[in-house]
Amino acid sequence: MSFAVNGTTGITFNDNTNMGTAASLGPRNRIINGNMLIDQRNAGASVTASTTGSDVYTVDRWSYYVTQASKFTVQQNAGSVTPPAGFTKYLGFTSSSAYTSVSTDLLVGFQWIEGYNVADLNFGTANAKTITVSFWAYSSLTGTFAGSVVGTNGSTFRSYVFTFSLASANTWTYITVTIPGDTTTFSYNTTNGQGLALSFNLGCGSNYQTTAGSWNSSNYYSTSSAQNITATSGATFYITGVQLEVGSVATPYQFNTYSDQLSQCQRYCYRPVGPSAYNWLSGSGGWGSVTNALIGGTFPVQMRTVPSLTTDSSTLSNYAVYATSGGTFSAVTSLSVNSVSGTFNYLLSVGTGSGGTTGTVCYLSQNSQSTYGLYWSAEI
Amino acid sequence: MYTNAYYVNGLDGKPMCINAELASGQFISIPLDPENSDYKNIMKLVQEGQLTIAPAS
Numbered sequence: 093m094s095f096a097v098n099g100t101t102g103i104t105f106n107d108n109t110n111m112g113t114a115a116s117l118g119p120r121n122r123i124i125n126g127n128m129l130i131d132q133r134n135a136g137a138s139v140t141a142s143t144t145g146s147d148v149y150t151v152d153r154w155s156y157y158v159t160q161a162s163k164f165t166v167q168q169n170a171g172s173v174t175p176p177a178g179f180t181k182y183l184g185f186t187s188s189s190a191y192t193s194v195s196t197d198l199l200v201g202f203q204w205i206e207g208y209n210v211a212d213l214n215f216g217t218a219n220a221k222t223i224t225v226s227f228w229a230y231s232s233l234t235g236t237f238a239g240s241v242v243g244t245n246g247s248t249f250r251s252y253v254f255t256f257s258l259a260s261a262n263t264w265t266y267i268t269v270t271i272p273g274d275t276t277t278f279s280y281n282t283t284n285g286q287g288l289a290l291s292f293n294l295g296c297g298s299n300y301q302t303t304a305g306s307w308n309s310s311n312y313y314s315t316s317s318a319q320n321i322t323a324t325s326g327a328t329f330y331i332t333g334v335q336l337e338v339g340s341v342a343t344p345y346q347f348n349t350y351s352d353q354l355s356q357c358q359r360y361c362y363r364p365v366g367p368s369a370y371n372w373l374s375g376s377g378g379w380g381s382v383t384n385a386l387i388g389g390t391f392p393v394q395m396r397t398v399p400s401l402t403t404d405s406s407t408l409s410n411y412a413v414y415a416t417s418g419g420t421f422s423a424v425t426s427l428s429v430n431s432v433s434g435t436f437n438y439l440l441s442v443g444t445g446s447g448g449t450t451g452t453v454c455y456l457s458q459n460s461q462s463t464y465g466l467y468w469s470a471e472i
Numbered sequence: 004m005y006t007n008a009y010y011v012n013g014l015d016g017k018p019m020c021i022n023a024e025l026a027s028g029q030f031i032s033i034p035l036d037p038e039n040s041d042y043k044n045i046m047k048l049v050q051e052g053q054l055t056i057a058p059a060s
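Protein sequences, first through last, are from chains A and X. Quick note: the first sequence uses the numbering used here, first residue 93, plus one each step. Quick note: the second sequence uses the numbering used here, first residue 4, plus one each step.
Next comes chain X alone, as it looks inside the complex (with noise of 0.2 Å):
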C-alpha cells in the first residue's frame, strides 16, 4: 500500500513524519501519531518486514 517511505525531520533534527506514496499514486504525510491509522499501518508492514522506512536526508 505504501512506497517509497521516509522519514522527514523537523527543526530540531528528530523525525516528525513519514512521507509515501500511496497504491492510488497519491502522496501522503503521515504523523508520528500511535493512533493515526497511517501510522499504525505503516508500522504494521515494517514489523511485517515488508517495508523499510528510509532515514531523513
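Okay, chain A solo, but in the shape it has when bound (with noise of 0.2 Å):
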C-alpha cells in the first residue's frame, strides 16, 4: 500500500482515506454505538415518538426530543433498505404526517456524549481543538439539512450549527464536516455529565434555528432552509456510521468488536437477557419474610451513575420471585431500586402476596412464561 503525507490532511493512503492527527492512531470515536447495532431497548421494534419534553432513548445511546407528540417514528433499519458497504444497521426516522413547525418546536434525533469522553477537546477555552463529524445519511427528500453540535453547563447552552446536502433521494451520501473547537469561555461538563451533544434537525421551529457555521450562546439545532423531514407525511432520514473525532480530517468509521460496543452501551443502558422463559432478570437474593425478597446483583460494567429500572411491562405480576428450596415462582406485587443499590452493584426490595420462606435463596424472574423483560438506565 503507498500513501502520501501532506501538510493539511496529514497521511492519505491509496484508497483514499485519511489519518489527520496522531489522535488517529488511537480510539477515535467519541459517538458510542454510532453504526446503530446495539438495540437493547427496542430490539429493531418501530417506536413513535410520543413523548414530549424529554429524552426518550431508540437504539442505545440514540434518543429522540420532541415538542410535537406523534410526528415520527424511529427504529433501527426503519424501511428495510439496504445499509451503506461495511454496515448492517441504521437508524431510521420516518415522518408520520405533513406538519408545520411552530416557532417553539424542537424535534431532533441526538446523542450526548459523556463530558469524560470529551474533556481532552478543551472546548470552552483557548486551547479548543477542531473536531470533524463524519456519517451516512440517507433521504426521501433532498436538499439541505441541518445538524449541530451543543454543550451545557447545566443552565445555558453552547452550539454550533452545521449543514450538509444530500443531492440525490434515496441514496447513501457520506457526510463529513469540520468544526473549530468552542474558544469561548463557557464550563462544559468534563466528567460524568453532558458533554457535547450530536444532533440532527427532524423538524425544528424558528426559536432554534440560527445562520450555521459558528458558535453560538444559545442551543439552536438547525437553519431557516434545512429541511424539516416532519413537514412531509412519510418522508424519511436515515443515518449510520456517526464519528465525531479530534481533528479536521474524517479518517474511516471507527468499528469495534461487538463485545466492546456492547460494554460501552451498558454503561448507559443494561438489559439481562435470558435465553427462555421462566429467565432470570437478576442474582440471587433472600426472603425476607414471606411476603418479601432483597435481591441483588452485579451490573455488567460500572454505570454511569445509579441508574433507574423499567420494566417492560407495568403489570407486575408478568415478574416474579423464583424460590429455589421448593421451585416456586410468586407473583410480584411491588418492585423497588433500594437505596443500597450503586454504580457497579444493586439491591432490590420485592414484594409478593405470600410464597417465601425467611432465609432462603430466591431469583427474580418472568412469571407464567411471559416475555417481559425490564432494563436498567442511567443515561445521560
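Incorrect hints may have been included.
Computed spacing ranges between beta-carbons, pair by pair [as the list claims (entries may be wrong)]:
#, chain 1, residue 1, chain 2, residue 2, range
1, A, T450, X, Q50, 35 to 45 Å
2, X, K17, A, I103, 36 to 46 Å
3, A, F95, X, K47, 49 to 59 Å
No lab work stands behind these hints, which were simulated from the structure alone. In this text, a Cβ means the ideal position worked out from N, Cα and C, and glycines have one as well.
Bring the two chains, given one by one in their own frames, into a single complex with the hints.
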C-alpha cells in the first residue's frame, strides 16, 4: 500500500482514506454505537415519538427530543433499505404526517457524549481542538439538512449548527463536517454529565434556528432553510456510521468488536437477556419474610450513575420471585430500587403476596412464561 | 411523562426511591440520586408544578 503525506490532510492512503492527526492512531470515535448496531430497549421494533419534553432513547445511546407528539417514528433499519457498504444497521426516522413546525418546536435526534469522553477537546478554552463529524445519510428528500453540536453547563448552552447536502433522494451519501473548537470561555461538563451532543434536525421551529457555521450562546439545532422531514408525510431520514473525532480530517469509521461496543452501551443501559421464558432477571437474593425479598446483582460494567429500573410491562405480576427451595414462582406485587444500589451493584426490594420462606434463596424472574423483560438506565 | 408517582420507604423508614408509571405504560423505579436522569426529570416536573409525588404508604 502506498501513501502520501500532506501538511493539511495528514497521511492519505491509496484507498483515499486519511489519518489526520496522531490521535487517529488510538480510539478516535467519541460517539458510542455510531453504527446503530446495539438496540437493547426495542430490539429493532418501531417506536412512535410520543413522549414530549424529555430525552427518549431508541437504539442504544441515541435519543429523540420532541415538543410535539407522534410526528415521526424511529426504528433501527426502518424501511429495510440496504445500508452503506460495511454497515448492517442504521437509525431511521420516518415522518408520520405533514406537520408545519411552530416557532417553539424542537424535534431532533441526537446523542449526548459523556463529559469524560470529550474533556480532552478543551472546549470553552483558548486551546479548544478542532473536531470532525462524519456519517452516512439517506433521505427521501433532497436539499440542505442541518445538525448541530451542543454543550451545556447545566443552565446555559453553546451550539454550532452545520448543514449538509443530500443531492440524490434515497441514496446513501457520506458526509464530513469540520467544526472549529469552541474557544469562548464556558464551563463544559468534563465528568459524567452532558459533555457534547451531536444532533440531527427533524423539525425545528424558528426559535431553534440560526445561521450555520459559527458558535452561539444558545441551543440552536437548525437553519431557517434546512429540511424538516416532519413537514412531509412519509419522508425518511436515515443515518449510520456516525463518528465525531479530533482533527480536521474524517478518518474511516472506527469499528469495534461487538463485545466492546455492547460494554460501552451498558455503561448507560443494561438489559438482562436470558435464553427462554422464566429466565432470571437478577442475581440471587433472599427472602426476608413470607412476602418480601431482597434481591441483588452486579452490573456487567460500572454504570454512569445509579440507574433507574424500568420494566417492559407495567403489570408487575408478569414478574415473579423464584424460590429455589420449593421451585415456586410468586407473582411480584411491588418492586423498588433499594437505597443501597450503586453503579456496580444493585439491590431490589421485591414484594409478593406470599410464597417466601425467610432466609432461603430466591431470584427475580419472568412469570408464567411471559416474555417481559426489564432494563437499567443510567443515560445522560 | 411520569404518572402515579410515589415514594417508597426503606427498612429505615426513610424514602429510598420513587416509583412511577411512564407514558409508554412501563413501570419505573427511580433512585434518589441527583445524577440520575429520571430523578432530574421527575423533580423538574415537581418544581414546575406538573407532578406531585405521593408520600410512602
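For each hint, the structure was consulted:
1. A:T450 - X:Q50: 35 to 45 Å: holds (42 Å)
2. X:K17 - A:I103: 36 to 46 Å: violated (60 Å)
3. A:F95 - X:K47: 49 to 59 Å: holds (52 Å)
Figure legend: structure checked against the earlier numbered hints; the only hint not met is number 2.
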